[in-house]
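Peer 1: Below, each chain spelled out in residue letters.
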Amino acid sequence: GAVVSQHPSWVICKSGTSVKIECRSLDFQATTMFWYRQFPKQSLMLMATSNEGSKATYEQGVEKDKFLINHASLTLSTLTVTSAHPEDSSFYICSRGHQNYGYTFGSGTRLTVV
Amino acid sequence: GENVEQHPSTLSVQEGDSAVIKCTYSDSASNYFPWYKQELGKGPQLIIDIRSNVGEKKDQRIAVTLNKTAKHFSLHITETQPEDSAVYFCAASRGSSNTGKLIFGQGTTLQVKP
Numbered sequence: 001g002a003v004v005s006q007h008p009s010w011v012i013c014k015s016g017t018s019v020k021i022e023c024r025s026l027d028f029q030a031t032t033m034f035w036y037r038q039f040p041k042q043s044l045m046l047m048a049t050s051n052e053g054s055k056a057t058y059e060q061g062v063e064k065d066k067f068l069i070n071h072a073s074l075t076l077s078t079l080t081v082t083s084a085h086p087e088d089s090s091f092y093i094c095s096r097g098h099q100n101y102g103y104t105f106g107s108g109t110r111l112t113v114v
Numbered sequence: 115g116e117n118v119e120q121h122p123s124t125l126s127v128q129e130g131d132s133a134v135i136k137c138t139y140s141d142s143a144s145n146y147f148p149w150y151k152q153e154l155g156k157g158p159q160l161i162i163d164i165r166s167n168v169g170e171k172k173d174q175r176i177a178v179t180l181n182k183t184a185k186h187f188s189l190h191i192t193e194t195q196p197e198d199s200a201v202y203f204c205a206a207s208r209g210s211s212n213t214g215k216l217i218f219g220q221g222t223t224l225q226v227k228p
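Note that the protein sequences, when read in sequence, are chains V and A.
Under my numbering, the residues of the first sequence are numbered 1 to 114, in order.
Under my numbering, the residues of the second sequence are numbered 115 to 228, in order.
Note that these hints are calculated values from the structure, not bench results.
Take these hints with a grain of salt, some might be off.
Stated by the list, open to error - Distance condition first, Cα-Cα at most 27 angstroms in a straight line; then the derived DSS-like pairs of lysine-lysine:
#1 A/182 to V/66
#2 V/64 to A/156
#3 A/156 to V/41
#4 V/41 to A/151
#5 A/215 to V/41
What the hints assert, rightly or not - Covered by chain V, per the in silico footprint, the following chain A stretches (three or more residues, Cβ under 8 angstroms):
#6 156 to 168
#7 214 to 228
Model, not experiment: these values are computed from the prediction.
Where is the CB? At the ideal position from N, CA and C, for every residue including glycine.
Whole structure, please, built from the sequences with the hints as guidance.
Peer 2: And the structure:
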C-alpha cells in the first residue's frame, strides 16, 4: 500500500521562531500533496495544495507568507510555519493522492508554540 | 464553495450493535467519497471508499452507500467492537486521479461500550 512519512511527529518551539515539517511520499512520486490543520476535537481543514515545481495553492484565509510550502521534488513537500505564535499550535497533517490508492495521510505533527 | 455535512457528531452504541453515520455534500461534481478512522494523535486511516458510479460497497463489517441524486452517503458498521471506538470522518472530492481537494465532514466520535 501507499506510504506517506511525516516528520517530526511533535515539536515545541518558542514564539517568533520558525518550524519546518516534512512530508515524504515513500513509494510513489507525488506531483500534488496536501497540507491540513486540525484543532482539538475539530475536523481537518485544508490549508493548501502543494504542487511540484510550482507555487502552492492556498485556501481562502490561509496566509501564504506565514505558511511557506516548498515542493521541490516529486517525493518531498515541506511546510514551514514562520514567526510562530501560540495560536498556530495545532496538529498539521499532510496527504498524497493516488488514482489507485486514494488519499494517504501522514501521521501528523503536533506543533506547540510557547 | 464545497461543503460536507456529517451527522451525528457523537454516537454511542453497545458492543455488537450497528452504527450508522451520514454525510451530505454540496458539490454535485464530487465523485469520490472516502471514510476515515482517526485515533487520538494519529493521521486518518482509510477504512472504505466509494466512487460515484457505484451505489454500495461492502468490506466485511463495514459498508458504504451512496445516493447521488440526494447527494448523501452513509457509513454502516455492523457487529461493532470496542476497538471500533474512534473519530470517523467522511470526505468528498472531484476528479478521477485523486489529485483534487478532499473536503472533510465535521467528524463523528463513535464510542462502543463493552
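Peer 1: Give a verdict on every hint.
Peer 2: Verification of the hints:
no.: 1; hint: A/182 to V/66; in the structure: violated, 39 angstroms
no.: 2; hint: V/64 to A/156; in the structure: holds, 26 angstroms
no.: 3; hint: A/156 to V/41; in the structure: holds, 13 angstroms
no.: 4; hint: V/41 to A/151; in the structure: holds, 14 angstroms
no.: 5; hint: A/215 to V/41; in the structure: holds, 22 angstroms
no.: 6; hint: 156 to 168; in the structure: holds (count 6)
no.: 7; hint: 214 to 228; in the structure: holds (count 8)
Comparing the model with each numbered hint stated earlier shows that hint 1 is the single one that does not hold.
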